[in-house]
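Enquirer: The primary structure of each chain is shown beneath.
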Amino acid sequence: MRVAESITVTAPPELVWDHVSDPKRYLHFMSGMTRWSVEGDQETGLGARYRMLLRVGSAEVGGLIELVEFTPARDLAWTSVTGIDQRGRWRIRERGGASHVELRLQYGVAGSGIWGWVAETLASRTVRGHLRRSLQQLKRQVEHEQLRVQAAARRSARATPPPGRPA
Amino acid sequence: MTRATATNGHGPTEAARRRLHTAGPEDAPEAGAGGVVGSLLGAVKGLLAGRIPPADLDERDPDYIRESLPRLWLLCSLYFRGDVRGLGNVPEEGGVLLVGNHSGGNLTPDTVVFTLAFSTYFGVERAFHQLAHNLVLSFPGLSYLRKYGTVAASPDNARTALEAGSAVLVYPGGDYEVHRPSWHRHRVDFGGRKGFIRLALEQDVPIVPVVAVGGQETALFLSRGESLAQVLGLDRLLRLKVLPISLALPWGLNVGDMLGHIPLPAKITVEALPPIHLREEFGPDPDVDEVYDHVVRLMQDTLDALAAERRLPVLG
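Quick note, the sequences are listed as chains A and B, same order.
For the first sequence, my numbering gives the first residue as 2, with consecutive numbering after it.
For the second sequence, my numbering gives the first residue as 1201, with consecutive numbering after it.
Note that these hints are calculated values from the structure, not bench results.
Accuracy of the hints is not assured; some may be wrong.
Some, not all, of what chain A presents toward chain B, calculated at C-beta under 8 angstroms [stated by the list, open to error]:
1. 33
2. 37
3. 58
4. 59
5. 62
6. 64
7. 83
8. 84
9. 113
10. 119
11. 160
12. 162
Glycine residues also receive a C-beta, built at the ideal position from the N, C-alpha and C atoms.
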């Protein structure tokens, strides 16, 4: 089953990337996520591994995942090592001074037959809701961060006197 | 003491691979017990015992469990609206004794809901075994339970699984608790069985209490039928201390629950409590009775809290 949701964030892709590539932030903006912990020494980058769990119905599903694509400010993709089969992707593209952010998730259990298909279909509504809320929370956090950055820049500009004027 | 966790669902030690016995000599039927009824039950026992292949930890099949997770998920999410909390309290690695209260007659939805949650939370790669009555494993059509890691309830089997670093789920109350009347549904009743504490001490593993509510609302359980079981000699012949009487679908009046029943779709809530490290909390030589009282009180308090959350029977 493949589920995808997207949103436009009024901030540069680099700022969005700072959030989606930082494992410490995931529990703050990912809806339904009950665990996102680093496995091993590598925190981020290609090959980094995380143990993640997403609450869907009466179970927390997920498992061990590994980053398989890591292109700063553009794409971050992962695939499952253990647990349910999954592939996920953050796709960030600049569009008119803002960032178009898409979150895709493909999931399933190979070999589970018709019951697997039924379960995936019924779960897709919950998963889609989690993705949508995650993007909304990401947007809020990134745009808030953007405002803070801009405010800090204004404060800094005010504190620095123009040339020729005494401080 | 930390033990290595099995990584593939199979025991990592040679000891874990050895065959386990399912019934000891103490289970042998007594000659002439119960007259005609005794002979009949003895024959039934012989027939069922013949159906019990020797238990082996290797029978647990992680791939089978993984492929069946969607089915379990549908059952637990849609029918029982399962809600499992506190799995983060279960130690990530090593042997651990999960001690649960048991409900639901011979069909125990709390076990199904917890097994799904445990398997998805820790992954099917983590060895997880459940102890079940010999009769459950010998029943026609239930042999698949072995693939989930279910082994016959015996101290030896539990010991071997814990030595292999598995998480082991035990229900000390067993058939006594599972058939308690529905009006005692919010009561933890182990019937004074304390073997699990001696096992945890012997293996030096933590106990994680697992409290479930809702299972006893899947039918109207009327009586354990202990006297009836005694008169018929079921205790001596089949290790059954009860002959439960309930009102259940599709039978109506259901005596024995041997053929199971269709459980009502009661909401099942399960909560795993923080681990109890016996020697850390009770000293180097803990008193078994004191530990028993502590565990039961802790579980009863949690069960009371979970019960207080329920507004209506069955619906939850």
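Enquirer: Hint by hint, note whether the structure agrees.
Expert: Here is how each hint holds up against the structure:
no.: 1; hint: 33; result: 13 angstroms, violated
no.: 2; hint: 37; result: 13 angstroms, violated
no.: 3; hint: 58; result: 3 angstroms, holds
no.: 4; hint: 59; result: 3 angstroms, holds
no.: 5; hint: 62; result: 5 angstroms, holds
no.: 6; hint: 64; result: 6 angstroms, holds
no.: 7; hint: 83; result: 5 angstroms, holds
no.: 8; hint: 84; result: 5 angstroms, holds
no.: 9; hint: 113; result: 5 angstroms, holds
no.: 10; hint: 119; result: 6 angstroms, holds
no.: 11; hint: 160; result: 46 angstroms, violated
no.: 12; hint: 162; result: 54 angstroms, violated
Of the numbered hints stated above, those contradicted by the structure are hints 1, 2, 11, 12, listed in ascending order.
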